[in-house]
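J.: The residues making up each chain are set out below.
2 protein chains.
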Amino acid sequence: MAGGSMTYCIGILVKDGLVMMGDTRTNEGIDHISSFRKLHLFEEPGHHALALATAGSLSVTQSVMTFLNEGLPNSETGKIDTLANQPSMFHAAQLVGRAMREVYRIDGKAMEKNGLNFDANILLGGQIKGGNMHLYSIYAAGHFIEVTPETAYMQIGEHKYGKPILDRSIRHDTPPYEALKSGLLSMDATIRSNLSVGLPIDLAVLPRDAMRFETIDRIEDEDPYFEDLCKQWAKVIQKGRDAIPTPPYGGKATKRLSNVVNLLRPTPPE
Amino acid sequence: MAGGSMTYCIGILVKDGLVMMGDTRTNEGIDHISSFRKLHLFEEPGHHALALATAGSLSVTQSVMTFLNEGLPNSETGKIDTLANQPSMFHAAQLVGRAMREVYRIDGKAMEKNGLNFDANILLGGQIKGGNMHLYSIYAAGHFIEVTPETAYMQIGEHKYGKPILDRSIRHDTPPYEALKSGLLSMDATIRSNLSVGLPIDLAVLPRDAMRFETIDRIEDEDPYFEDLCKQWAKVIQKGRDAIPTPPYGGKATKRLSNVVNLLRPTPPE
Chain A
423 MAGGSMTYCI
433 GILVKDGLVM
443 MGDTRTNEGI
453 DHISSFRKLH
463 LFEEPGHHAL
473 ALATAGSLSV
483 TQSVMTFLNE
493 GLPNSETGKI
503 DTLANQPSMF
513 HAAQLVGRAM
523 REVYRIDGKA
533 MEKNGLNFDA
543 NILLGGQIKG
553 GNMHLYSIYA
563 AGHFIEVTPE
573 TAYMQIGEHK
583 YGKPILDRSI
593 RHDTPPYEAL
603 KSGLLSMDAT
613 IRSNLSVGLP
623 IDLAVLPRDA
633 MRFETIDRIE
643 DEDPYFEDLC
653 KQWAKVIQKG
663 RDAIPTPPYG
673 GKATKRLSNV
683 VNLLRPTPPE
Chain B
423 MAGGSMTYCI
433 GILVKDGLVM
443 MGDTRTNEGI
453 DHISSFRKLH
463 LFEEPGHHAL
473 ALATAGSLSV
483 TQSVMTFLNE
493 GLPNSETGKI
503 DTLANQPSMF
513 HAAQLVGRAM
523 REVYRIDGKA
533 MEKNGLNFDA
543 NILLGGQIKG
553 GNMHLYSIYA
563 AGHFIEVTPE
573 TAYMQIGEHK
583 YGKPILDRSI
593 RHDTPPYEAL
603 KSGLLSMDAT
613 IRSNLSVGLP
623 IDLAVLPRDA
633 MRFETIDRIE
643 DEDPYFEDLC
653 KQWAKVIQKG
663 RDAIPTPPYG
673 GKATKRLSNV
683 VNLLRPTPPE
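Here the protein sequences line up with chains A and B, keeping their order. Take 423 as the starting number for the first sequence in my numbering and just add one per residue. Take 423 as the starting number for the second sequence in my numbering and just add one per residue.
Some hints here could point you the wrong way.
A pair holds if it fits inside one copy or across any two, identical chains being indistinguishable in the list.
Claimed, not checked - Taking lysine-lysine and the DSS-like style, the derived pairs with C-alpha atoms no more than 27 angstroms apart in a straight line are:
#1 Lys-437 - Lys-657
#2 Lys-653 - Lys-535
#3 Lys-661 - Lys-437
#4 Lys-551 - Lys-437
#5 Lys-531 - Lys-657
#6 Lys-535 - Lys-501
#7 Lys-653 - Lys-531
#8 Lys-501 - Lys-661
#9 Lys-501 - Lys-551
#10 Lys-535 - Lys-657
#11 Lys-653 - Lys-501
#12 Lys-501 - Lys-437
To be clear, the hints were calculated from the coordinates, so they are not data collected in a lab.
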């Protein structure tokens, strides 16, 4: 999967705003690791502010982004649809889906003939004047799902390593910069467990109803806050683990052996 | 993948012994979740003590276990090879691989014709008199890899959620019951993030050179130690997270905007 599994992006939609972040590493070959932008921002202050995070084949997501910038003809209206001129977030998500399908129409079959997966997943979050904030996850087939207050976050790419900390941390009423902190802890867990995800991390914070990104930043190597967060977290885990008593099962095992004696005997499986 | 992704097992080989554990949940259909044994122990005290943890299609792993119990004919020696009569751990791992291939020979093609993955992965750990402790991960094709002191643990099944805590916790000199504790934290993370992995957890501890399991147990619902471990860990994460300062990027973003201004403009992708 060309560049596909080498990404980790998070979108978090809480009561007071949207947080989006993504790593920037892409591996299109075996020993050629480069940094590519996976977080794309579109903003016209006061009118709209949209963030897209991309995962999957770089050739697919780059083509999709080009269509979203340059526009796709709309046969119903006769106009050119770009991400910048959509009337609502729902229309914007549909447009991203249409761009996915258009890239598939052009490249998909040939890619599959060459044994390549047509593989892409895009998070789209933001707000357009007159509408509410939304966060969508759009799939390669162009269909999409929306985040709900019950989950509050979405991940794309290499998402499993960093899911437990998000599950424990993100609620609908989490303040955006606290959500950002938990997102960075999730990034830290992923980077530690998977060499193909790495710094820099791009991030953006969009307060609700601001229609203007409050924070846009890139965390590079040796970023003092991120380095400190990783170190502090390692200590939290170590001290917390040491404070939990050693499992008591050793002593009790013999007594309780009758419950699990079937484990011992080489019986045929159930 | 029938029952395949619904498993999480860990094997840990440290200086002083082996720890093996596995969840017991199997989902062979959509709304039918059952408990099946995934941890299998073979012991002749003083001679050998072996633990197998299985993941993948239940039909495959059950058949493999039957072959390991009932034996496979060895064309070179003319004898019947069972897991109980192997001269070394390396031979035992080879026998598991042979059993995998035998099941594939019988069922594999028909399974694949029906669109089913021939999918199995087995951890084999233990010690046989005259040899050292070993821990192997054996794949569906019958080939295998061995754990090294640098990694010290192996996982099969739904392994990513629970990897970060193991990466942070397990070293070659970790005492076995501390390794067990970290394994349970890894189980907790996985159970929280993936509904298809669940209690009970089977576990076994084998001290080095004992050739006899010291601990064999099953952690059921409402196990006081495990419940307390999960609660304490949730507090560790929450307090640790709260103690880390809020990310400073908000204030600095405007100043540093020139570094990331390309994020803002809807430029064509690199």
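J.: Could you run down the list of hints and mark each one as holding or not?
T.: Status of each hint after checking the structure:
1. Within a single copy, Lys-437 and Lys-657 get their C-alpha atoms only as close as 31 angstroms, which misses the 27 angstroms cut-off; across copies the closest is 24 angstroms, which meets it.
2. For the homomeric pair Lys-653 and Lys-535, neither the shortest alpha-carbon distance inside one copy (47 angstroms) nor that between copies (51 angstroms) is at most 27 angstroms.
3. Proximity of Lys-661 to Lys-437 under the C-alpha cut-off of 27 angstroms is restricted to the inter-copy arrangement: shortest distance 22 angstroms between copies versus 33 angstroms within a copy.
4. Only within a single protomer do Lys-551 and Lys-437 lie at most 27 angstroms apart by alpha-carbon distance; the minimum there is 17 angstroms, versus 62 angstroms between protomers.
5. In this assembly of identical chains, Lys-531 and Lys-657 lie within 27 angstroms of each other by CA distance neither inside one copy nor across copies; the values are 50 angstroms within and 51 angstroms between.
6. Taking the shortest Cα distances, Lys-535 and Lys-501 never come within 27 angstroms of each other, neither inside one copy (34 angstroms) nor across copies (49 angstroms).
7. Taking CA atoms no more than 27 angstroms apart as the test, Lys-653 paired with Lys-531 passes in neither setting, with 47 angstroms inside one copy and 51 angstroms between copies.
8. Proximity of Lys-501 to Lys-661 under the C-alpha cut-off of 27 angstroms is found in neither arrangement, the shortest distances being 60 angstroms within a copy and 53 angstroms between copies.
9. Taking identical chains as interchangeable, the C-alpha atoms of Lys-501 and Lys-551 lie at most 27 angstroms apart only when both belong to the same chain, with a minimum of 20 angstroms there against 79 angstroms between chains.
10. When the C-alpha separation of Lys-535 and Lys-657 is checked against a cutoff of 27 angstroms, the pair qualifies neither within a copy, at 50 angstroms, nor between copies, at 51 angstroms.
11. For the identical chains of this complex, Lys-653 and Lys-501 are neighbours neither inside a copy (53 angstroms) nor across copies (57 angstroms), given an alpha-carbon limit of 27 angstroms.
12. Taking the shortest Cα distances, Lys-501 and Lys-437 never come within 27 angstroms of each other, neither inside one copy (35 angstroms) nor across copies (69 angstroms).
The structure fails to meet hints 2, 5, 6, 7, 8, 10, 11, 12 from the earlier list, while all remaining hints are met.
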